[in-house]
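Line order of the protein sequences matches chains W and V.
So that you can map any letter, position 178 of the first sequence is 178 in full-length UniProt numbering, and since no number is skipped, the others follow by simple counting.
So that you can map any letter, position 82 of the second sequence is 82 in full-length UniProt numbering, and since no number is skipped, the others follow by simple counting.
Watch out, some of these pointers could steer you wrong.
Unchecked claim - Pair ranges (Cβ atoms, derived):
id, chain 1, residue 1, chain 2, residue 2, range
1, V, L36, W, E155, 19 to 29 Å
2, W, S27, V, G51, 54 to 64 Å
3, V, A69, W, E149, 49 to 59 Å
4, W, E200, V, V101, 40 to 50 Å
5, W, K145, V, Y110, 31 to 41 Å
6, W, G150, V, P26, 26 to 36 Å
7, W, R119, V, V99, 23 to 33 Å
Simulated from the structure, these hints should not be mistaken for laboratory data.
Cβ coordinates follow ideal geometry from the N, Cα and C atoms, glycine included.
Now for the letters of each chain:
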Amino acid sequence: MAQTIETHGGADLRPAGLRGVAADFSSDQRAFKTASWGKAMMWIFLLSDTFVFGCFLIAYMTARMSTPVPWPNPSEVFALHIGGQDVPLILIAIMTFVLISSSGTMAMAVNFGYRRERRVTAILMLLTAALGATFVSMQAFEWTKLITEGVRPWENPWGAAQFGSTFFMITGFHGTHVTIGVIFLLITARKVWRGDFDVERRGFFTSRRGRYEAVEIMGLYWHFVDLVWVFIFAFFYLW
Amino acid sequence: MSETTAHGQSPHTQALHAQDHGQQHPIRLYLFVWGLLFVLSAFSYMVDYLGIHGYLRWTLILLFMMLKAGLIVAIFMHMAWERLALVYAILLPPVLVLVFVALMVSEADYTIFTRLAFFGATP
């Protein structure tokens, strides 16, 4: 009960700006006044994941900067032969649009969740999962294409050997995140469809009352996956 | 408690349970940001398609990347409406990754220098 007492009322009376930061952290209570523990923990997990992907991208930068062998040109490596000519990076561009679309449907799902329209929310979440699965399938296609062309973690036909290892590690880790996200989405969508968050049914793992905030927390993870792709797209594919 | 001011919470949150702190914003905002992300992605793809090279290429890539990342974090992940304590706790630590980047740039420069000095053009 203490938790509800400390968070009630005062929400709009708290100081803003830096004074608010100092007041929140020195309040001898929970520091994040408007974020529940679930949301705060998801953010902290995402922060740790940021460091993981940050380390991968830094490793890639170090490998690319320190090799005297020319780096393969991603624009040509990831080109597809369509209609008699090579279109550069087209598959990666389509994957980017698919993932951004899935972020859009996820944002809408969160919105409809807070409006307590459970069927629309569940359908939007399933649509998000379908787009995520499409993304992973296209990635599998891309991996297959590169592997048949002779790309290995230790060699490739076009240049610096580190290209293969960084490519498989970075996109593989990101694809794993998308896959886990799809599974997470299906589980949450089932709960929404069943009306768990309307009747506050307790979770099988946490035994906490179900609330529509779970959809927003799920959304945080999904948008993060999209966010990481923005950085991979810029640094690995476009640079 | 005398120095209290209303903090910048958007008026759309009123309709919800006090404990929920739900994020309720107009659908139009999400659709607008969605469209913006599409346009920015198309721009960054055009950088490659049009074959822009050199510093202009890197500047444009970084610009579109930061704009997209900012939109996703601020609007889709609702960071724009969170208390500053959470914003600082989450967004400041990744900035320190830039220190790591600086360290590794100097390290990579040293590696390529020794490789070229001792092995010539081949590794």
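Verification of the supplied hints:
1. V:L36 x W:E155: 19 to 29 Å: violated, 41 Å
2. W:S27 x V:G51: 54 to 64 Å: holds, 55 Å
3. V:A69 x W:E149: 49 to 59 Å: At 31 Å between Cβs, range violated.
4. W:E200 x V:V101: 40 to 50 Å: Holds - the Cβ-Cβ distance for E200 of chain W and V101 of chain V, about 46 Å, lies within 40 to 50 Å.
5. W:K145 x V:Y110: 31 to 41 Å: Holds, since K145 of chain W and Y110 of chain V (Cβ atoms, about 36 Å apart) stay within the stated range.
6. W:G150 x V:P26: 26 to 36 Å: violated, 51 Å
7. W:R119 x V:V99: 23 to 33 Å: Given range 23 to 33 Å: violated, Cβ gap about 48 Å.
Consistency with the previously given hints fails for numbers 1, 3, 6 and 7, ordered from lowest to highest.
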